[in-house]
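Trainee: Use the sequences and the hints to build the structure in full.
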Amino acid sequence: MADLVLDCRDLVRRFDSLVAVDGVSFGIGPGETYGLLGPNGAGKTTTISMVAGLLEPSGGTVTVLGQEITPRSTTAKGAIGLVPQDIALYPDLSARENLTFFAKLQGLRGSELATRIDEVLDIVGLADRAGDKIDTYSGGMKRRANIAVGMVHQPTLLILDEPTVGVDPQSRNAILESVDALSTTGMAVLYTTHYMEEAERLCDRIGIIDSGKLIAEGTREELVARLGDSTAVTFRADGPVEAVRGWRDDLSQLRTVSTVQPQEYGATVTCGHASEVVAGAFSAAEKRGVTIGGVDVTAPDLEAVFLSLTGKALRDGS
Amino acid sequence: MTGSAPPKLHPAAGGATHSPPMLSQALLIARLDLHRRLRDRSILLQVFLAPILLAVIVGGAFSGGGGNLDATIVIADADRTAVSGAVGAALTQTNTTDGESGGVTFETVPVANPDEASALVDSGAADAVIYIPAGYTAAVSEGEPAALTVVGKATSPIVTGVARSVADGINTRLRAQYIGTETAVRVSEQTGIPLDSAQLTEALNAEDVVVVADSRLTNTFNIMSFFAPGMAMIFLFFVMGTTARSVLTEQRDGTLGRVLAGPTPATAVVLGKAVAVYVLGLASMLTVYLVTTFAFGVDWGDPLGVVLVILAVVAAITGLSLIVTGLARNEEQAQSMTIIGTLLLAVLGGTFVYSASGPLSQARAFTPNGQALMAFIDLSAGQANWQDILPRVGIILAIGVVSGAIGLISIRRGLQP
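Same order as they appear, the protein sequences are chains P and Y.
Going from the first sequence to the numbering used here is simple: count from 1 and add 19.
Going from the second sequence to the numbering used here is simple: count from 1 and add 954.
Derived from the structure by calculation, the hints contain no laboratory data.
Model, not experiment: these values are computed from the prediction.
Just so it is clear, CB atoms sit at the ideal spot from N, CA and C, and this is done for glycine as well.
Please note: incorrect hints may appear among the correct ones.
[Said to hold, decoys possible] The calculated label-pair distances, taken between Cβ atoms and stated as ranges, are:
hint, chain 1, residue 1, chain 2, residue 2, range
1, Y, Ile1360, P, Glu241, 51 to 59 angstroms
2, P, His292, Y, Asp1207, 49 to 57 angstroms
3, Y, Ala1319, P, Glu75, 39 to 47 angstroms
4, P, Gly247, Y, Leu1281, 54 to 62 angstroms
5, P, Pro281, Y, Ile1294, 54 to 62 angstroms
6, Y, Ser1364, P, Arg264, 56 to 64 angstroms
Mentor: Here it is as structure tokens:
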């Protein structure tokens, strides 16, 4: 594991009696994009706070390029670029002024400084608004400026904490494009998200985290393969509350069904034989007086993997 | 984000090759802090304009519009020696003779006891009295404890302050003179070189033992010499809370966490904020000094001494600002602590009532602004030059260093991104 850029071993973080991160271990190699996927409150931000040296681990170690990272290891932290979940910029300064300040703190000077600032402004598409104050930017532009600051000093490890939260689709796509482009530079990227499609699109490997524990890890294909031949089937159902509840219980009794996740209007099941389950679901619905208004059958994805592993949906964390 | 082919980063990503030195990072943080604050017009008002305006308004109100001090200080001489007579003569020679009104007028009145001296103030014959007790000269010449007593009116704090300053000057210089003379006698005894007795007598009785023969005590002692530094220091106290507010705001906005996530130690952040406060405080005090000097003709005294006191007192306030930063957990707390600290320091330091007596007077010596005010009064009354106020500067700096160290330790413990 000597060639790992980031190596986290048995990370633990306690807040009084609450164990926010519980024995998390993973590593990221050069040029690799690693996704930490989990619902809100799963422990993603606490994990990256320890990785970025902002939080002292209660147990375990974080090393970047072989150097241990703690809140006091200032030199080693120069290899890390952090893009926090919330916008962390000076709103009364322009994007260029923000970039200049943070780049200088990292030790960039002279022509290298000017070149890097121009490059990252170009990458995030803010070159033409570089002189405007941050508080005049739209939410998406602020997000992009936030990312630019994180990578202005060409970190070996770039940490992005849910960079697309609250962003309009256009800006979101632009952000994903720029992160995608980083993979060609040799930069290792740690990307946390609760959007399954982002993890699928960007990440070489994905770690699924829930309740502070890393419950699965691998490439998308490896994770989906865990489900075997499972398929996710979503039913839109309508009827008396008690009838629908009973119908969901019936679904869980059907052969090859592994999980049943209640939805607002129906349920999503993971199962081995979709056609058999669909037929059984209609039959059960008829007996219960429930009307099925639609059926979606989807190939196994990370959402289904998460559902299968935790019994709950990724987005709402319920 | 500029299209389908985004520009590439450098092929060998790896971060900056080296972290800048901590001092360099601290100066960067200070520069940014100052840059942002100077864009904020309320800071400009608070730090520069308000102290000058308030000093002018309050000074004008207290002086009846003229601004100059008009008072009589009586030298009540119960000692009645050649030396005490010389002191009185030296001071009365500073009175104006050109018929101009205003300024401090000195008179010498022989008295028998302290009660007679106090009666001069009570009757209105004097605004303040410097009482030279019987046996004073003998005690000084023997190196024994001896003190001049100042009697003043509670309603005339400035005059009392000036009288106290003059008395301190007399005491200090007389002692220096006698120590010098005694040394000369001993040297003469040991070396066998005869000492000219006439010269010795002349030295002891010389009028320059009291160096107040200076125009500062006549028409140019402006009441604003007291109020201008006092007001400037009050606004300096308000600056005290800005370090805390700056750190807490950055904590809330996430920029502090971002700075600390890089190769920047917490100490550099605190130092940077402290440097910014120091520069701001210094600019504020110097502005008041220069504007009142050149626009209003206020004589603060020896410029080098004034600058030294300003440098020291701003350092002390900066140190205190670090304690507030270390203690405050939110902006409301920082605000409250600043207001309480400002009032406490202003009252204890004598900013409002310089001539306070008793415990309040003793407390002044333990406050940086009190020490600074005493130094400013001494300087503006012509009773001290830059060398004389060095002990006070030392005390002020010591307060700054101790409070700064305490603040730094508490901030480093509590600084969380």
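Trainee: Next step is simple, just say for each hint if it's right about the structure.
Mentor: Status of each hint after checking the structure:
| no. | hint | verdict |
| --- | --- | --- |
| 1 | Y/Ile1360 <-> P/Glu241: 51 to 59 angstroms | holds, 56 angstroms |
| 2 | P/His292 <-> Y/Asp1207: 49 to 57 angstroms | holds, 54 angstroms |
| 3 | Y/Ala1319 <-> P/Glu75: 39 to 47 angstroms | holds, 43 angstroms |
| 4 | P/Gly247 <-> Y/Leu1281: 54 to 62 angstroms | holds, 60 angstroms |
| 5 | P/Pro281 <-> Y/Ile1294: 54 to 62 angstroms | holds, 57 angstroms |
| 6 | Y/Ser1364 <-> P/Arg264: 56 to 64 angstroms | holds, 57 angstroms |
When each numbered hint is compared with the structure, no violation occurs for any of them.
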